[in-house]
Amino acid sequence: MAVFLPDKNKEIIVFEKLFRQNYKPLVVFCARLVSDRAMAEDIVQEVFVRFYQNMGEKPDIHSARPYLYTAVRNQALNNLKHLKVEGKYQKRQTETNDNYVEPEKEMEAIELEYAIYEAIEELPSKCQEVFRKSRFEGLTNPEIACVLGLSVRTVETHITHALTRIRKKIGHLFI
Amino acid sequence: MKTSKDNTEHNTGNDLEKIFELSARVSDFDGIDTNRAWERVSTQICRTGRPKNNLVFLRIAAAVLILLSLGILVHFATQTRPAVMANNSDTLKSILLSDGTAVLLYPGASLTWVENEFGQDTRKVELTGKALFDVARDSLCPFKVVSGDVTTQVLGTSFLLNATISEVTLEVFRGRVAVFSQRSPDIKHHLERGQRITYDGGTGKFTRTEVGSGPKTILNYRNARLVTILREICFVHNLQYGLSGSDEEELRITGDFQGLSPAQIIREINLVAGTNLVLRNDSVVFAF
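Chains as they are written, first to last, in our numbering: chain Y, 3 to 177; chain V, 20 to 307.
Hints may contain errors.
[Unchecked claim] The list that follows gives simulated cross-link-like pairs (lysine to any residue, SDA-like), each with its CA atoms no further than 20 Å apart:
#	chain 1	residue 1	chain 2	residue 2
1	Y	K19	V	L159
2	V	K149	V	V246
3	Y	K170	V	L35
4	Y	K170	V	C160
5	Y	K170	V	F199
To be clear, the hints were calculated from the coordinates, so they are not data collected in a lab.
Remember, predicted model here, so these are calculated numbers, not experimental data.
Could you put the whole structure together from the sequences, leaning on the hints where they help?
Next up, the structure:
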């Protein structure tokens, strides 16, 4: 039997899906602009609330993503201005101008990184631990072997295994 | 000469290297608590709600209610049926899909997709015949074209696909495309701009050919109607073309415009056909 949800609930469900899919990549994107994780989280949440208040009855998820990235970028730059951190703001703006990347490409890059992150999260625990120590903490294979009490060969196997599994999961993004 | 196996292994190696490099950056995602953030956002939107004009809302609701009850019947009757767009005319037919992807369907071709499923996790369509795709980019939702035994997968690009019963030919104009057959789904062939691949349904093998060396390339015309040529050129180069209704649209032209800029193409057409076409603000128009 079909269950009919009230319209309001449907809106929230669609909105929550959009939020959960995009929150982390948007926070990372914003944090790289403002160099402050807490500020980035506030900005992204504010943008989502504004988006909800203005979205239509049936928001188009495909077109929402570029809108969210643009809105976060604008809000981030505005916040930097309002905080009157002139020196820092001007420095960052110069950097942004010098290394200008098209917003669409910036969005794709962050989303690719996020897909890798999610694939790492799904690795078996030991494999994930080894891979995280290698890539997140920058330890060498012998160092990891020493810390975790494994052989170097086992560490190498875990890393190769991790890379293969990640590629299998997100291979379609490399076309 | 590289075999397809070498190519696949090379691509796999490149992908692993790229993943290894990028994975050092992804620690930035650690420590972001989406659940906590959602609690904050949902509390805020429940408190503030959305700005509404209740009077207008009630009027619309009353009017829509009657239509809705009829609409629900129609909706459920058609919900699971696939949408089919067939071009039974002798001219090109353009379709805009809900994700913004533009498809130019050639005469005799048909495109099928399931409305309810399109854009959920993947954007899947089925093609019979020849069509030009300009796919809207969405890295989280791959676009797949199934043509018999062959699946073409992209994120956002432009390509020409010609699917007959015995053969499938793919030619890429922009971006990257992955293609594979149901017989060997793990062996993906990657194509970039200017590359073409042909799948032989009999042998199940893919053969790469250089664009221009084959018997027929895109923007290569033999006694074709000018209106058809202009539509195709505008599609490939992302230009606008509105029908003028002029007799000149029915002129027949033979020529190969591959690799030329839109301005060069217009100049050549004007030379060979005696027309007075001009390129103005990203539009091709007849100057009278």
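### Hint numbers contradicted by this structure
none
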